[in-house]
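**Q** Using the hints, build the complex out of the two chains.
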Amino acid sequence: MLLLRYRGSEGMVAWAFHRISGIAIWLFVMLHVLDIYLAGGNPNVYDDILKFYASTPGRIMEVLLGAALLYHALNGIRIMLMDFWPRLTAYHKQMWYANWVIFVGLGLPGAFIIMRPALGL
Amino acid sequence: MALYSRSGRPRPQSGGFELAAWYFMRLSGVALFVLALVHFSLQHFVFDPSQQTSQWIFEQRWNSLFWRGFDWTLLMMVLLHSFLGIRTVTMDYLKGSWRTLALTTLYLIGVLVFVMGTVVVFSVPLPMGK
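Listed in order, the protein sequences are those of chains A and B. Reading the first sequence from the start, the letters are residues 1 to 121 in my numbering. Reading the second sequence from the start, the letters are residues 1001 to 1130 in my numbering.
Think of the hints as simulated: they come from the structure by calculation, not from any bench. Model, not experiment: these values are computed from the prediction. Note that beta-carbon positions come from the ideal geometry of N, C-alpha and C, so glycine has one too. One thing to keep in mind: the hints can contain errors.
Stated by the list, open to error - Per the computed footprint, the stretches of chain B lying under chain A, defined by three or more beta-carbons under 8 Å from a beta-carbon of chain A, are: (1) 1049 to 1055; (2) 1106 to 1118.
To be verified - Here are some chain A residues the structure puts well away from chain B; computed CB gaps all over 10 Å: (3) 9; (4) 100; (5) 101; (6) 104; (7) 105; (8) 108.
As the list claims (entries may be wrong) - Sample of chain B residues lacking proximity to chain A, with all beta carbon distances greater than 10 Å (derived): (9) 1024; (10) 1044; (11) 1070; (12) 1098; (13) 1099.
Pulled out of the complex, with its shape left as it was, chain B reads as follows (with noise of 0.2 Å):
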């Protein structure tokens, strides 16, 4: 039995940014643990979808520093975190000019989904307690 694990990627072996990639996978993944599933139960368990109208994320939910910033901060780990998933499963099938391709049309997905996001959390004013 190898005594290393090849249940996910393996530890890469060149350093550099693979390595940094890898060592924030499972950083973000243990915070994302934390995070999503929190942010889901919310959501779904002590909340329900049909109260969830834009009045009441901005008026309610979001009327908050702390659970804006908890929504931020799920917001840039899990935007992180899959694209950095996904440019693994890209690299796995795709070489040459498609992956290159395919690559640069996943960062710029990522950099427009990332200032969208960020854009709506910062933009809406939070009315407190009007």
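Same shape as in the complex, but just chain A (with noise of 0.2 Å):
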């Protein structure tokens, strides 16, 4: 991949997911609370925003969720091993192909339960 040869290698990737996936986390926390708000004070508002949810792009979009909080939480693990136990940064690459074992290994049935009703199993 273009991308892991380029300057920074595996940690530069690894860096921009995190920044990545956390903004994007941090977006959806702001849906997450104003959905949440209207359904204690408009619960039919917030019924029909469920229905987005239950869909089909919804649950795409659920799936993409779920992948940013697993990258950000693996790789977060990650980066703490190794600002607590420096000697560990010298294994940072492995460390990193471990967390996508980790993330294809939880996140692919995953995925395969979030998409089941829309895929009507």
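**A** Set out below in structure tokens:
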């Protein structure tokens, strides 16, 4: 992958993904507080928003949200391990690839469960 | 090889608020690893969005002090963690009066979201087995 051969290699991509996923989760959190606020104040409007969350495009966005959350969580642990045990910095690439193994291992079944109703399964 | 990590934000050498914020990002990060992933798993794997009407939220999901407290703790952690994170991003790209304007707006939105989230968690009555 060209992206991995650019100057910063894996560390740069790990950093960029962490920042992008963080901003995406921040945006969703604000939307989510707004929708739950409506659930308390105007339940009918909330129930209409819920129909979108349960639709196929809504579910695709939930899979993307889950992916951002899982990446940010796993990479966050990787950052903390290196912050508090600096010797592990020598293995930052290996830990990043290990994150991707966990990401795919947990993410694929998770994405399947979220998409199952949309697939009619 | 440098014996400190440049993967995240380097530990601030200045102390004070910046150092406290640096530690808090890591502390809340560990908390959110559990809180946010449990919350997402409940909402998407245990339950399905199609059943989560406002009636379901208040009569089932939040008809429990534990889960309401859990979700409020998650809200506090995610707001502090995400707004401190966006603060770092803002300070990376903006300086001078644009930075002041952006950070002021950010903090105002943060307070508004905190109030909205807290109001809904605390204002809806617990039906308790009704």
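**Q** Determine for every hint whether it applies to the structure shown.
**A** So, going through the hints one by one against the coordinates:
{"no.": "1", "hint": "1049 to 1055", "in the structure": "holds (count 6)"}
{"no.": "2", "hint": "1106 to 1118", "in the structure": "holds (count 4)"}
{"no.": "3", "hint": "9", "in the structure": "holds, 13 Å"}
{"no.": "4", "hint": "100", "in the structure": "holds, 15 Å"}
{"no.": "5", "hint": "101", "in the structure": "holds, 17 Å"}
{"no.": "6", "hint": "104", "in the structure": "holds, 16 Å"}
{"no.": "7", "hint": "105", "in the structure": "holds, 14 Å"}
{"no.": "8", "hint": "108", "in the structure": "holds, 13 Å"}
{"no.": "9", "hint": "1024", "in the structure": "holds, 13 Å"}
{"no.": "10", "hint": "1044", "in the structure": "violated, 5 Å"}
{"no.": "11", "hint": "1070", "in the structure": "holds, 14 Å"}
{"no.": "12", "hint": "1098", "in the structure": "holds, 18 Å"}
{"no.": "13", "hint": "1099", "in the structure": "holds, 17 Å"}
Violated hint for the displayed structure: number 10, the only one.
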